[in-house]
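For the sequence shown, the numbering used here assigns the number 202 to the initial residue and increments by one for each residue that follows.
Hints were generated in silico from the structure; no laboratory data involved.
None of the hints are false.
Distance ranges between label pairs, derived from CB positions:
(1) R448 x P546: 43 to 51 Å
(2) A430 x D313: 51 to 59 Å
(3) K544 x E502: 32 to 40 Å
(4) G424 x F525: 19 to 27 Å
The calculated lysine-lysine pairs, modelled on DSS-like cross-linking and capped at a C-alpha distance of 27 Å, are:
(5) K288 x K270
(6) K387 x K298
(7) K294 x K281
(8) K295 x K387
We put the beta carbon where it would ideally sit given N, CA and C, even for glycine.
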Amino acid sequence: MELGKEQADRKRKKLIFTVFMLLMGGLLFFTFFSNTLQSVTLPKVRTVQAAAGGLTYKLEGSGILRPAKQAELANPAGWKVREVLVKEGEAVKKGQKLVLYDSGAAERELEDELAELKKQRIALQNVQDQFIQATVSGDDSALRTTKRELETRKLDISVQERKIAGLREQLNRERELLAPFDGVIKEVNAVEGLASAGLPDVVVSSGSAGYLLEIAVDGPLIGRLGTRAGQNIEVEVAQAADRPAYRLEGTIEEMADAGARSYGSPENGAGTLEAVPQKLLRIHVADSGLKGGEQASVKLEQASSDKGWVLPNEAVHRDGEKRFIFKVEEQLGALGNVFVARKVPIETSAVNEGETMIPADLLYEGDLIILESSEPLQDGNQIRLQ
202 MELGKEQADR
212 KRKKLIFTVF
222 MLLMGGLLFF
232 TFFSNTLQSV
242 TLPKVRTVQA
252 AAGGLTYKLE
262 GSGILRPAKQ
272 AELANPAGWK
282 VREVLVKEGE
292 AVKKGQKLVL
302 YDSGAAEREL
312 EDELAELKKQ
322 RIALQNVQDQ
332 FIQATVSGDD
342 SALRTTKREL
352 ETRKLDISVQ
362 ERKIAGLREQ
372 LNRERELLAP
382 FDGVIKEVNA
392 VEGLASAGLP
402 DVVVSSGSAG
412 YLLEIAVDGP
422 LIGRLGTRAG
432 QNIEVEVAQA
442 ADRPAYRLEG
452 TIEEMADAGA
462 RSYGSPENGA
472 GTLEAVPQKL
482 LRIHVADSGL
492 KGGEQASVKL
502 EQASSDKGWV
512 LPNEAVHRDG
522 EKRFIFKVEE
532 QLGALGNVFV
542 ARKVPIETSA
552 VNEGETMIPA
562 DLLYEGDLII
572 LESSEPLQDG
582 NQIRLQ
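Model the full assembly from the supplied sequences, consistent with the hints where possible.
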């Protein structure tokens, strides 16, 4: 009997142990399942390691070389074109006639004004006769009246003569288009029988003063590179059918304000655009092989003297005037390590068109920086790595 009691007690203990193990196994299963399910719902992030070093600033641009000495000659009076005397590519001399205009209306106006002057002179003669008659008759009242009339007529004639002189000068100046200097006809837009359509009638250029390349550059980049007027810069002239590409030295002749361009990036926030001031660089080159119209480009690189952590611009975010990044922080947990997004404010930085450099004391080697997230992040949010 004692043996049966002992066996029953042993079975009961075994059952209790089995139930306990099942409960513990279930608890562990549901704990791990819950953690796995939670990890799936966490924001998924893409990361990159920051690189130690400095930024490289690049000035790049291209354009068409055009003669430094070029004149766009417009139809001076808007008259119809009577005759075009030149064609594109033709060499011209200073003062040479390029276009003749239909000045018939202006000539008729001048004739009308000459007739009016003649009438005024006849009227003046009549007043002079009246003045003589008043003088002979001794009529003081009539004498004063005719004297005033005489002065008025003389003033009218003086005004009319100046008007006629102005019309003659305008007619002589605007009835034809003249070359302002020795050069080559680059463009002819004048069409016989038609008035101008908004374009210059003729474009004359000369390569004697060299050629200009104009490129637009971000103003802050100019400051970082220390670029200045008078600085020499290498210009590459693109390959053409009759010659290979080659380099020549140019000079920055002028740096002019050129408005601003709108720039949007992830650091600015969604839908936010930043205005970046622009500078127009005019680069002068001189070479006997140039003709104008060649494609040319410049490229200038300079590494920054400051060092820090370099990361992509898309990793930098903005909240008003404040900027920050998110780095990944690994924390120990009871059931394994977890990853947390940690917000790192940025007080100072340097930026080029693709990268941002932040101070070296903000990160440690190997820190992962969050580039993008499947959901908006807050400081301390748990995350899962991609």
